[in-house]
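Since chain F is already given, all that's left is putting chain V on it; use the hints.
2 protein chains.
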Amino acid sequence: MNASKLISSRKDKTLFTPGPLTTSQTVKEAMLQDLGSRDVAFIETVRHIRQTLLAIAGVSKGEGNYEVVLMQGSGTFGIESVIGSTVSPAGKLLVVINGAYGVRIAKIAKTLKIDTVTLEYPTDATPLPADVDRMLTEDQAITNVAVVHCETTTGIINPIEEIGQVVKRHQKSYFLDSMSAFGAVLFDFEKCGIDFLVSSANKCIEGVPGFSFAICRRDSLRATEGWARSVSLDLLSQWQGLEANGQFRFTPPTHAILAFAQALCELQAEGGVEGRAGRYRGNHEALVTGMRELGFTEYLRPELQGTIITAFHYPVHSAFQFDEFYGRLNDKGFVIYSGKVSDLDCFRIGNIGRLFECDIHSLLAAIRATLSEMHIALPSN
Amino acid sequence: MNASKLISSRKDKTLFTPGPLTTSQTVKEAMLQDLGSRDVAFIETVRHIRQTLLAIAGVSKGEGNYEVVLMQGSGTFGIESVIGSTVSPAGKLLVVINGAYGVRIAKIAKTLKIDTVTLEYPTDATPLPADVDRMLTEDQAITNVAVVHCETTTGIINPIEEIGQVVKRHQKSYFLDSMSAFGAVLFDFEKCGIDFLVSSANKCIEGVPGFSFAICRRDSLRATEGWARSVSLDLLSQWQGLEANGQFRFTPPTHAILAFAQALCELQAEGGVEGRAGRYRGNHEALVTGMRELGFTEYLRPELQGTIITAFHYPVHSAFQFDEFYGRLNDKGFVIYSGKVSDLDCFRIGNIGRLFECDIHSLLAAIRATLSEMHIALPSN
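Same order as they appear, the protein sequences are chains F and V. When you line the first sequence up against the working numbering, it's residues 1 to 381, in that order. When you line the second sequence up against the working numbering, it's residues 1 to 381, in that order.
In short, the hints are calculated from the structure, not lab data. The structure displayed is predicted, hence computed values, not measured ones. There is no bait here: all hints are sound.
Straight-line C-alpha distance at most 27 Å; calculated DSSO-like pairs for lysine-lysine:
| hint | chain 1 | residue 1 | chain 2 | residue 2 |
| --- | --- | --- | --- | --- |
| 1 | F | K113 | V | K107 |
| 2 | F | K107 | V | K110 |
| 3 | F | K168 | F | K107 |
| 4 | F | K168 | F | K191 |
| 5 | V | K107 | F | K110 |
| 6 | F | K110 | V | K92 |
| 7 | V | K113 | F | K113 |
| 8 | F | K191 | F | K92 |
| 9 | F | K61 | F | K191 |
| 10 | F | K92 | V | K113 |
| 11 | V | K107 | F | K107 |
| 12 | V | K113 | F | K110 |
For reference, chain F alone in the conformation it holds in the complex (with noise of 0.2 Å):
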């Protein structure tokens, strides 16, 4: 069987999910071309990536400054690789949770027998920076805070500011999960008081998937030695590598490496971050506009969402089955996501990826379809 062939003789549905994203052609075409690891266009492709998304971060490297390292699959392993090497062997973390991937970076810790303690909310809140405040005072062997950016389990945008400098008057270390933030949400590195911050190629830079980055404060980076509990993903280890001769440790995703580079230069062409977060508000008001009309209602209280998902509630209608929905909405070349909000029904649909309003009218009207053709007709709000 020709997996490869069945799938190419389809037009790319469109994709309106957390990622992997639906990417501009030329990010792709940019995969087009072997390059070996220790070419010297390959390893000044690297080192322009690593300058530019500083650039990005608005800091600078070197001495005092910042450094970025590169590393191999998916967010995750970003996450683990910063969790897992930035907190000392007596160290201790502290998981601040209002969704999934809160709850995953305290998993990846209790998994490497990282002494850990959560502060948890429920998903429609943000956390209270004073709390934080009162965990580190009550707590003092807390070396270490752990806060998401957006949490895609809902969209919701938490007060990374206001915990950055709680946790910097502690003098403790501050990880900044930005996954689905960092490029399209502006916001100051260092009057949040970042120590690490980790973002992936397939996210807002809209590269296609295969690696993640670190944002690392030099100081912070450099007293990590001897703390990391793998190879792999050793965090250290691999700047010194990056830093020594330009290269990775072990075989680097060239090809996504390459459309990264290419997925910088569009985002410059928008105008950075800016431009870009002003596309997926834009994307974001369409679709929230047009969804109330058709019925539905968003998860999250408008103050508190961000414009990079959104979650929505299941319709009130007895024909409504979700299956069926992503099923009809798929069929017609539109892929939406399911929800992950544990308490209630929701589903989401993202706004980020090489989507625009256009797009998102698109998938209003496949919408209004699907739900004729279910025979739902919803009073609009």
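Coordinates of chain V only, in the frame set by chain F:
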């Protein structure tokens, strides 16, 4: 700076390395597609890949049989996944070493705080099954044995069947790092008694880098419940996820997987493992014949040498500087590989990837020209 454009204007160099490799245009073109990771077409591709890998290994899926697990990251990530997931907390690992990749396995195990012993040989000698037998008899605490199939350090092929039979007689778990051999070296999987084998997408199958795969004896895999020392690299959970719904637990490198499906089609079209082994053998023979004519000598005795990659001594000539030799070949569009043999000055030339005898002849012509440019005349062998 537009890094990607800068690169795209050049013709691809031919890669005579152990990876990343030169791949076919059709393999790369399979990446011109964005598929959702929960899309039925993607799930079917993953299922097809897992099934085909079992067929290549000559084993079957299911109860009492074998299973395939795909794992994000480079080959080393796959190795760490097996080492970290399949040695019990009270287990002890014996690593048989005759090169850098054996050393790496031991390093991974020690970093994971696994009780580890080694059996070490010079890089130009194969391990003796009788030594493994003696170790397992003397140290009853050993539970797992790890061996490298083709040591990329030198290209040596180790006696995996003879060692496997010793390991099985002692009823220990047998792990084979077949990174650069699987898909182009014929062997009897069951007769070797392999419990876990790891290889990567970007070796003899000729896909692009981005993930590795483990072929696992199902009973051995199922016995590892609760042993994994990592979330990202948890082999059993990854398998359970793939079995439950056909999906990766974390965002898969969809494009690299589509390329791999195409690469498997092309392996089949070439006559499977036998056909590919034949092409690599032809490449290797043309290379060695030509290099001897130019005055080079191989590092290994011919009876130990595999057909994957070949190490050559630096020629004894005052004008020979490897960096210059490498750079001049690189400028001509031919990428070779530096040596990794600690005690001797060697370089390596790979025969794998989308390379044919005509490519070997082109390389030989370039080497001849380079020697002439460097004013090096070697006595022909």
